[in-house]
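From first to last, the protein sequence lines stand for chains Y and Z.
Under our numbering, the first residue of the first sequence carries the number 1, and numbering increases by one thereafter.
Under our numbering, the first residue of the second sequence carries the number 1, and numbering increases by one thereafter.
FYI, nobody ran anything at the bench for these hints, they're computed from the structure.
Do not take every clue at face value.
Put simply, identical chains are the same to the list, so a pair is met inside one copy or across any two.
Below 25 Å or equal to it, Euclidean Cα-Cα: the simulated SDA-like pairs (lysine to any residue) are [claimed, not checked]:
hint	residue 1	residue 2
1	228	143
2	228	214
3	228	153
4	228	176
5	63	215
6	206	218
7	190	56
Chain by chain, the residues run as shown.
2 protein chains.
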Amino acid sequence: MSLELERERLSAFFQFGQSVDCVVFGFDGVSLQILVIERGAEPFYGAEALPGDLVRIDEDIDKAATRILHDLTGLDNVFLDQLKTFGRVDRHPMGRVVTTAFYSLINQTKYNPRPASWAVKARWKSLAELHEMAFDHRELLETALDALQSQVRQQPIGFELLPEEFTLTQIQNLYEAVLNTQFDKANFRKKILSMGVLKPLDKTEKAVRHRPARLYQFDTQRYHSLSKQGFLFEL
Amino acid sequence: MSLELERERLSAFFQFGQSVDCVVFGFDGVSLQILVIERGAEPFYGAEALPGDLVRIDEDIDKAATRILHDLTGLDNVFLDQLKTFGRVDRHPMGRVVTTAFYSLINQTKYNPRPASWAVKARWKSLAELHEMAFDHRELLETALDALQSQVRQQPIGFELLPEEFTLTQIQNLYEAVLNTQFDKANFRKKILSMGVLKPLDKTEKAVRHRPARLYQFDTQRYHSLSKQGFLFEL
DNA sequence: GCAAAAGTGTTTGATCTACACCCATGA
DNA sequence: TCATGGGTGTAGATCAAACACTTTTGC
């Protein structure tokens, strides 16, 4: 069969729409937050949704995710990890749209969603505040949460959610919020420090009404060199 | 903006092809195997490829994966897990095709790919035997391998690769092949038995020229009841 | 008896858990 | 000086690695 004929026969298949949706996690010091937008177009006009849109026909999916997240929220330089693809026939009321979900952890202090210039309003919401969402976005969100919980224990991605410099208690609070557990303070500290990927700084917190805590930095270089030697971050 | 107008504006986006590709792992007692087919159509006619095809416009992606795997290899009742979606613009020479890869572990003894009736030849190949593959299938395969290696340590999916009844040495060989390591026999046994998900049978191997090994079965029920109590399978 | 693999026990050191205790700061 | 969290030490339990040893089968 010639290429031409084949192409002809296949044309009936080339009618899918492809979209991306981004689950962006943040942490405000107490609870996990998700970046949502208010939809500015049908369907689900005005409903809360994950930032997402249709991919252009000449655009890589990964690049589309980055572009679309930027277009809708102003966020830049965000590392997006692919989560899963959702392809039920009836998931989009306006046609056959397959969506690929991405997720990301960002440092909330670096991004304040108060954009005067963007048409769409983006804002942080805690899990508890989120109820109805457009499309199957609630399902995407749950899937992202599961992925986050299992990834956060095996890779040092939690630090993405914190400011550059942070205290050990901040990390502990973060892990407790994400994994929904409690850790013993002494043991948590010993464990995380024993991995050797935190660089202690000669700085402390300011203006707290108790003994100020030492600040630490995640030591990316050291983590990479340890990784090459077979070291695995865990818990 | 009305729904009609919106639909009109969007039509330019609805020109994607969606395909699925399946990475099916088997184990022959010594090394990990992958089920491949010889392509019967352009492009890459005659080349080795993962079983895969275009999804129909009215078909769920998950269901398409099951159907296509069956059409191409005769395999049935296979649990397919979604792996990742590959969406580079130039990954398919005949148009914009986004593919979603699935993967699965099956018991090789239950499936002998010697189908007289199927047009396409499916066969097992070990990793070492596989070189050139159609499209970006080599990349999909590598991704599946990574996923397999990390999943196999956290969930009791390795048993899918073994016959119903197996010896402890068989499991150990399997784990060593998949993870590409060596385990101490005594310690491996203690660990896997201590999890309490293997049911010892009153049977042994036959026709071996050494002391015959006891046979075991994976105890699915017990695994599920332990899981509910927070038990985690590991290593 | 011998080869070959099945199967078990022990020692040692590392790691985890629980919990008690001391320290530095602001008010 | 008191309240509040920061920060540390230790005993006991649990777990993991290394390795030697015994058992059962076919030939």
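Inset, instruction - Have a look at residue 228 and residue 214 and pick one of within, between, both or neither, based on CA distance no larger than 25 Å. - result: Cα proximity of residue 228 and residue 214: none, with 29 Å in one copy and 40 Å across.
Inset, instruction - State whether the alpha carbon distance between residue 190 and residue 56 is at most 25 Å within one copy, between copies, both, or neither. - result: neither (49 Å within a copy, 55 Å between copies)
Inset, instruction - Pop the pair residue 228 and residue 143 into one bin, within, between, both or neither, using alpha-carbon distances up to 25 Å. - result: between (30 Å within a copy, 19 Å between copies)
Inset, instruction - Evaluate residue 228 and residue 176 at a C-alpha cut-off of 25 Å and name the case that applies: within, between, both or neither. - result: For residue 228 and residue 176, only the inter-copy Cα distance (21 Å) is at most 25 Å; the intra-copy one is 29 Å.
Inset, instruction - Tell me, please, which holds for residue 63 and residue 215 at an alpha-carbon limit of 25 Å: within, between, both or neither? - result: Classified as neither; 35 Å inside a copy, 51 Å across copies.
Legend entry - Intra- versus inter-copy proximity for residue 218 and residue 206 (alpha-carbon distance at most 25 Å): Within one copy, since 20 Å is at most 25 Å while 57 Å is not.
Inset, instruction - State whether the alpha carbon distance between residue 228 and residue 153 is at most 25 Å within one copy, between copies, both, or neither. - result: both (19 Å within a copy, 20 Å between copies)
The structure shown violates the earlier hints numbered 2, 5, 7.
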